[in-house]
Structures are given as structure tokens and as C-alpha cells.
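Chains as they are written, first to last, in full-length UniProt numbering: chain A, 1 to 215; chain B, 1 to 215.
For the record, the hints were derived by calculation from the structure and aren't laboratory data.
Since this is a predicted model, take the numbers as computed values, not measurements.
C-beta atoms are modelled at their ideal positions from N, C-alpha and C, and glycine is treated no differently.
Please note that a few of the clues may not be correct.
Unchecked claim - Okay, derived cross-link-like pairs now, DMTMM-like style, lysine to aspartate or glutamate, Cα gap no bigger than 25 angstroms in a straight line:
id, chain 1, residue 1, chain 2, residue 2
1, B, Lys62, A, Glu60
2, A, Lys170, A, Asp111
3, A, Lys170, A, Asp154
4, B, Lys62, A, Glu72
5, B, Lys62, B, Glu35
6, B, Lys94, B, Glu144
7, A, Lys62, B, Glu60
8, A, Lys170, B, Glu72
9, B, Lys94, A, Glu60
10, B, Lys62, B, Asp162
11, A, Lys170, A, Glu60
12, A, Lys94, A, Glu72
13, A, Lys166, A, Glu192
14, A, Lys62, B, Glu72
15, B, Lys170, A, Glu60
16, A, Lys166, A, Glu79
17, A, Lys94, A, Glu148
18, B, Lys94, B, Glu72
19, A, Lys94, A, Glu79
20, B, Lys170, B, Glu192
21, A, Lys62, A, Glu72
22, A, Lys94, B, Glu60
23, A, Lys166, A, Asp138
24, A, Lys170, A, Glu204
To be verified - Only some residues are given here: those of chain A computed to face chain B with a beta carbon under 10 angstroms:
id, residue
25, Ala59
26, Leu61
27, Glu72
28, Asn137
Number of protein chains: 2
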Amino acid sequence: MPIDDVSALRSQRSALQFFFDFSSPYSYIASEWIEAVAARHGRHVQWQAMLLGVTFQAAELKPPVAYPLKREYVLRDFERSAHFAGLPYRQPEKFPIPTQNAARVFWWLNDSVDGARAVAWARAGLRAYFTRGVPLNDAAALRELASEQGLDADAAEAAWSDERWKQRLKQANEEALARGVFGAPFFIVDGEPFWGNDRQAQIERWLASGPFTRL
Amino acid sequence: MPIDDVSALRSQRSALQFFFDFSSPYSYIASEWIEAVAARHGRHVQWQAMLLGVTFQAAELKPPVAYPLKREYVLRDFERSAHFAGLPYRQPEKFPIPTQNAARVFWWLNDSVDGARAVAWARAGLRAYFTRGVPLNDAAALRELASEQGLDADAAEAAWSDERWKQRLKQANEEALARGVFGAPFFIVDGEPFWGNDRQAQIERWLASGPFTRL
Numbered sequence: 001m002p003i004d005d006v007s008a009l010r011s012q013r014s015a016l017q018f019f020f021d022f023s024s025p026y027s028y029i030a031s032e033w034i035e036a037v038a039a040r041h042g043r044h045v046q047w048q049a050m051l052l053g054v055t056f057q058a059a060e061l062k063p064p065v066a067y068p069l070k071r072e073y074v075l076r077d078f079e080r081s082a083h084f085a086g087l088p089y090r091q092p093e094k095f096p097i098p099t100q101n102a103a104r105v106f107w108w109l110n111d112s113v114d115g116a117r118a119v120a121w122a123r124a125g126l127r128a129y130f131t132r133g134v135p136l137n138d139a140a141a142l143r144e145l146a147s148e149q150g151l152d153a154d155a156a157e158a159a160w161s162d163e164r165w166k167q168r169l170k171q172a173n174e175e176a177l178a179r180g181v182f183g184a185p186f187f188i189v190d191g192e193p194f195w196g197n198d199r200q201a202q203i204e205r206w207l208a209s210g211p212f213t214r215l
Numbered sequence: 001m002p003i004d005d006v007s008a009l010r011s012q013r014s015a016l017q018f019f020f021d022f023s024s025p026y027s028y029i030a031s032e033w034i035e036a037v038a039a040r041h042g043r044h045v046q047w048q049a050m051l052l053g054v055t056f057q058a059a060e061l062k063p064p065v066a067y068p069l070k071r072e073y074v075l076r077d078f079e080r081s082a083h084f085a086g087l088p089y090r091q092p093e094k095f096p097i098p099t100q101n102a103a104r105v106f107w108w109l110n111d112s113v114d115g116a117r118a119v120a121w122a123r124a125g126l127r128a129y130f131t132r133g134v135p136l137n138d139a140a141a142l143r144e145l146a147s148e149q150g151l152d153a154d155a156a157e158a159a160w161s162d163e164r165w166k167q168r169l170k171q172a173n174e175e176a177l178a179r180g181v182f183g184a185p186f187f188i189v190d191g192e193p194f195w196g197n198d199r200q201a202q203i204e205r206w207l208a209s210g211p212f213t214r215l
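Just chain A, same shape as in the assembly (with noise of 0.2 angstroms):
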């Protein structure tokens, strides 16, 4: 089949909508899936870099690695369900950590510059702070990422200091929220909410075979 073809196939379908914090492990090993299973299927995906703090702030909860017992476990979970989905994975020491320049990065490229870029941008944000600990939150750290990526690095710094990326961070944030999403990684496939690393196959037989469900 012709690329035009198989585009305009896709833009038939509804995207697929995927909602990743840059702090969270189990949206790392997500971004590593996910485009995959969305071209099996014939969907685009629409990445939605958002806050956790702001949903988990709504849903009155706290980061997993905030609760006693739970701690302990999640801990011992990323690694092995990152090795689980064949993925390298290194703890980093400052865990979990405010992401807000890295989402506004994303923004800056997806609406302005290109979506393909702030896809790329978004994965080597979740390798570098998940494989090799770069704190995503320290700026020159964070100009470093960009120039990795090709970026201009005063263009990325520009971008997260800018009001305008500012806003466009709190608007996805406030649709996340409008949406139902309350942890991350988070999914939405023709109007239905996934939450979860886990819910891999569930997300892929909904996208081969529809509903599985009465609800």
C-alpha cells in the first residue's frame, strides 16, 4: 500500500492518547511500547507530557515511593519490569523529581516546532533519567539533554522559562484532569481510560478486536 494511503488509513482512526509524567519509571517502559503497538494497529499516538504532582494532587494521593511497605516494593518493581519488558534501568538517586522545564521542552517542540521532535524529545528525557540518572531537573543538566538532541540549547531554556510554555503546560495538565487521568503512564483508546504499564494487553486486544467489555 502507498504511504498516502496508509496515512490517510491511520487519520481515520482516532489517536491514541498517552499521558507521561518525565519522573515516572512506568512511563519510560511505556514509551518504549507504545508507538510500536499503535502501528500495529494503524493509530497515531498523541503524546501528553503532564504533571503528576497536579493529578495526584486531585486524586488525593502521593507518589508510590511515599507510602511505607509500598515503597520497598515499587522499588524492587521498576527495575524488574523494566528488565521484564527487555529494557536497561538505572534507579535514579533522586527519585521522584520536578519535571515541569522537560514537559515545557516537550510543548515548546510539539506545537511549534514539530511532533515527531518532541516524540524524540520525550523518549530521551525518559532514557537519560531512567538509564544514566540525568536530573531532568537541573538546568545545565537539562541544556546538555537538548544539545544531545540536537536542540539549540538557549532555544530549550528560552522555551521553559517562556509564559507562554508555561500555560500551554497547565492547559495539558487541566485536560489530563478534565479526562480522568490520575496517574501516569496513562492511556485513553477511543474514549476508553488505561492506567498502567500493565495494561499492555489489554490496550492491544481493544486495538485489534474493540471492546471486550459490556461496560
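Given the coordinates of chain A, assemble chain B onto it according to the supplied hints.
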């Protein structure tokens, strides 16, 4: 292979620990596959009835339906995840409910009658609550369920009122906490903890080929 040889082989490997609460939808789903998964890999399952209220308190957690946003999601996901696993599901009107009486009957059967009867009781209780809405916290309903399961209803009620089985359940809760259990279903395989119905695939891989992580 003669039955005795299979039993001998099984006993050489450690049992798979399966912690559940009678009021946990994901425990219900897991209760339907855990025996088949263990059997495929020559393992026994040690069923462990416990009270989520105790582990939630220790981990500073609440039931998932007690959080804004998350509540709406999980009420959808309970049923969807059951259907994904090929199981019937009907959300009980009263949810969650206190399940100490059902759990004490489990320990009475397990310790002084027969492990297989205890497992049958656990499966029957989970199915009754999550497919027929039988309120396990109601004495009359629990007596009726006991009768349906071929138990003496008076003996069952005597068991759940008996200080001995109250203490046995308390001990089970304390053991669960000591092993890091903070939710249900919770599995321990060769010392490795797995939380959630959605860890089935990881448990299968662990049983088939051992650790897949450096931890």
C-alpha cells in the same frame, strides 16, 4: 509419572504464597488463574486469607474507590479486567465490605479440616460476592453460603465467633505485614514479591525460567 512422584517433585520446590482479601476484585480474578499457573510449573499454592484494612493502615493507603478520579477508573477496570480474563463480574452494591468472618472460616477449614476445603471456600466466597453480590459481611448470607458449600452452617458461625480463629487471622495479617504485603492480590515466589492481578505474566516467566532481573 505416578502421582506420588509428582507430589514428591512438587514438594521439593517452595510453595507460591497467595495473599488475598475476600473484598478485593483483583484477588477474585487472580483466584481463578493462580492454581492453573502454579500447576503448570509444578508448584503448590499456599492461600493466605488476610484483611486489606490492616495492610492499608500500615501502608497509609485507602481502598482504591476512596480516591477521587481513581474511584471512577477502578470501578470500570474491575469489570473490564475480569472480562479480559474471561470471567463474569458484577460490581457489588456494597463495596468494599468487612470480610473477617469469611477469612476466619477460611483459617478454620485450612488448619483443622482440610487445605483443599479452605481453597474451595475462598473461591466460592470470591465468586459469590463478585458475581452474585452475596454480602459476605452478613451473617445469614454467610451461613447460607457455607451450607451451599457443604459445610455445617452452625460450625462455620461457631468458627468465625471463636477467639482461636480470630487470633489465627490476626496472625495471618501480621505475617503478611512482616513479608511486605500492602495490597492484594499479593504473591511471593521464591522470596520475590509480586503485587496485583496484572503481574500474572511476570509470575509465569519467573516460574518458567527464574529471575529475569539483577535485583
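Hint by hint, here is what the structure shows:
Between B/Lys62 and A/Glu60 the CA atoms are separated by roughly 10 angstroms; this keeps the pair inside 25 angstroms, and the hint holds. Between A/Lys170 and A/Asp111 the alpha-carbon distance is near 14 angstroms, which keeps this suggested pair within the 25 angstroms criterion. Restraint check: the Cα-Cα separation between A/Lys170 and A/Asp154 comes to about 22 angstroms, which is no more than 25 angstroms; the hinted pair holds. At roughly 18 angstroms between alpha-carbon atoms, B/Lys62 and A/Glu72 fall within 25 angstroms of each other, so this suggested pair holds.
Distance check on the hinted pair: B/Lys62 and B/Glu35 sit about 29 angstroms apart at the alpha-carbon level, beyond 25 angstroms; violated. Between B/Lys94 and B/Glu144 the CA atoms are separated by roughly 18 angstroms; this keeps the pair inside 25 angstroms, and the hint holds. Note on A/Lys62 and B/Glu60: the hinted pairing holds, with a Cα-Cα distance of about 10 angstroms set against a maximum of 25 angstroms. For a cut-off of 25 angstroms, the pair hint linking A/Lys170 to B/Glu72 stands: about 23 angstroms separates their Cα positions.
Distance check on the hinted pair: B/Lys94 and A/Glu60 sit about 23 angstroms apart at the alpha-carbon level, within 25 angstroms; holds. Using a Cα cut-off of 25 angstroms, the hinted pair B/Lys62 and B/Asp162 is violated, with the two alpha carbons roughly 28 angstroms apart. Distance hint between A/Lys170 and A/Glu60 is fulfilled; the C-alpha atoms sit about 19 angstroms from each other, no more than 25 angstroms. Distance restraint check for A/Lys94 and A/Glu72: the Cα-Cα separation of roughly 15 angstroms lies within the 25 angstroms cut-off, and the hinted pair is therefore satisfied.
Distance hint between A/Lys166 and A/Glu192 is unfulfilled; the C-alpha atoms sit about 29 angstroms from each other, more than 25 angstroms. For the proposed pair A/Lys62 and B/Glu72, the alpha carbon gap of about 18 angstroms is at most 25 angstroms, so the pair holds. Between B/Lys170 and A/Glu60, the direct Cα distance comes to roughly 29 angstroms. Violation of the 25 angstroms bound is thereby established for this hinted pair. At most 25 angstroms may separate the alpha-carbon atoms for a hinted pair to count; A/Lys166 and A/Glu79 exceed this at roughly 32 angstroms.
With a C-alpha separation of about 22 angstroms, the suggested pairing of A/Lys94 with A/Glu148 holds against the 25 angstroms cut-off. A threshold of 25 angstroms between alpha carbons decides the hint, and for B/Lys94 with B/Glu72 the separation of about 15 angstroms falls inside it, so the pair holds. Only pairs whose Cα atoms come within 25 angstroms are accepted, and A/Lys94 paired with A/Glu79 is accepted, the gap being roughly 15 angstroms. For a cut-off of 25 angstroms, the pair hint linking B/Lys170 to B/Glu192 stands: about 23 angstroms separates their Cα positions.
A hinted pair counts as satisfied when its Cα atoms are at most 25 angstroms apart, and A/Lys62 with A/Glu72 qualifies at roughly 15 angstroms. Annotation: proposed proximity of A/Lys94 to B/Glu60 holds, straight-line Cα distance about 23 angstroms (limit 25 angstroms). With a C-alpha separation of about 17 angstroms, the suggested pairing of A/Lys166 with A/Asp138 holds against the 25 angstroms cut-off. Distance hint between A/Lys170 and A/Glu204 is unfulfilled; the C-alpha atoms sit about 30 angstroms from each other, more than 25 angstroms.
Taken as an interface hint, A/Ala59 checks out: its beta carbon lies about 4 angstroms from the nearest beta carbon of chain B, inside 10 angstroms. For A/Leu61, the shortest C-beta to C-beta distance to chain B is roughly 6 angstroms, which falls under 10 angstroms, so the interface hint holds. A least Cβ separation of about 6 angstroms between A/Glu72 and chain B falls short of the 10 angstroms threshold, and the interface hint therefore holds. Interface hint at A/Asn137: violated, since its Cβ lies 26 angstroms from the closest Cβ of chain B, which is beyond the 10 angstroms cut-off.
Going down the numbered hints, you'll see the structure goes against 5, 10, 13, 15, 16, 24, 28, while the others check out.
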